[in-house]
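*Asks:* Residues per chain, in single letters:
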Amino acid sequence: MLIAKVIGTTISTIKDPTLTGRKLLILRQADIDGVPFGKPYVAVDTLDAGVGDLVLTAHGSSGRQTEITKNRPVDAVIMAVIDHLEISNRVTYRKE
Amino acid sequence: MLIAKVIGTTISTIKDPTLTGRKLLILRQADIDGVPFGKPYVAVDTLDAGVGDLVLTAHGSSGRQTEITKNRPVDAVIMAVIDHLEISNRVTYRKE
Amino acid sequence: MLIAKVIGTTISTIKDPTLTGRKLLILRQADIDGVPFGKPYVAVDTLDAGVGDLVLTAHGSSGRQTEITKNRPVDAVIMAVIDHLEISNRVTYRKE
Amino acid sequence: MLIAKVIGTTISTIKDPTLTGRKLLILRQADIDGVPFGKPYVAVDTLDAGVGDLVLTAHGSSGRQTEITKNRPVDAVIMAVIDHLEISNRVTYRKE
Amino acid sequence: MLIAKVIGTTISTIKDPTLTGRKLLILRQADIDGVPFGKPYVAVDTLDAGVGDLVLTAHGSSGRQTEITKNRPVDAVIMAVIDHLEISNRVTYRKE
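Protein chains in written order, with the working numbering: chain A, 27 to 122; chain B, 27 to 122; chain C, 27 to 122; chain D, 27 to 122; chain E, 27 to 122.
By construction, these hints were calculated from the structure, which means they are not laboratory data.
Which copy is meant is left open, because identical chains are indistinguishable; a pair holds if it fits in one copy or across any two.
Simulated crosslink set (BS3-like; lysine-lysine; CA at most 25 Å straight-line):
#1 K121 with K65
#2 K121 with K49
#3 K49 with K65
So here's chain A without its partners, still in its complex pose (with noise of 0.2 Å):
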């Protein structure tokens, strides 16, 4: 999985019909410390996550593990929103 803040969201209308209803957030994988690098790429929201938040990401055929993606053409899925992140007995993130 890939820690990644959540900086946006996507609308299409035209999109195929397995994703009606589902929600696409734009996100940037994050360092330890919750800031972001890198390029954008795109999520479906299992979570009611929002922008700003820093999640977990699962990638491939393991983003449709979830009752929200199963066979659906969605290649990446938010599966836990984080709350701390500890290095070394050090706290490096804390959600506010």
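Guided by the hints, dock chains B, C, D and E onto chain A, whose structure is given.
*Replies:* Same frame as chain A, now just chains B, C, D and E:
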């Protein structure tokens, strides 16, 4: 999923028999403002997307979870055409 | 899928028994004008492609969705030989 | 598989219901001497690994081939704790 | 598939129970002349390959399509030992 811009088309006479009639478009990954970057890749179009459109592509086995790509040797599919992208309540891309 | 140029062949006596008789070609990813770049990789040929051909390769489990590669330990397949590539109505590559 | 060093832990209250009780550790890929490099990623621990351990992680659908990760939305798993690494008959890493 | 050179071995006492007796070798990707580059990765050996051999590795779910790796949490397998590589009718690598 990746945000990507459709930049062209591929024409192939010799191909896997299951791909007859499938439209294989050339794309480049794009940023939140729709500006493409990086090297070209190819995805199956299932939504009648055209050159210039900003789309989302799903990859790997997820690229085969549509009626048009099921059980076929393809690893990327266009599964949404983007209307607009919004980052922190600011629209960064809007379809013309 | 990746646009790729066939640059050579691999010969192996010791291999998984299910691969006997399979042709394993060496490729490099190519740009929209057919010029190769990056490091070599290997894909199964199902279309009698030859050195110098520009092709499309499908990767991962998608590389196993052909009669020739099904259930075999291979992760890339040549599934189309490119006749020409067209970017914004301009032909950038044409097979000789 | 990747050689990786366990560097920390993630805590999430909101997560896919199938992940309750699963331990999600933070890792960084490591070299043959055990020195980590690159950006952090997260994998499910199935072996009671701890911070500081050098491990192997399997990715993608292979990350779901354990009793603990089966059918769950996770794409990486720790499937071995490394005792030592040997390069050309020289031990380059040994667990303390 | 990737062309790769076997450079070493991993030893693990604590591992997924389905991996008992499996040989996990360390490799680095190699160029058409057999010279390795990049960071090490680990693959299951199914062909009694040895340190110094140039091999092909298949990745992801394709790494599980052998008798030895089926249903196991491994994402890379050695599925061919290379005798020689030929680029445009020139032999660039030959096994000693």
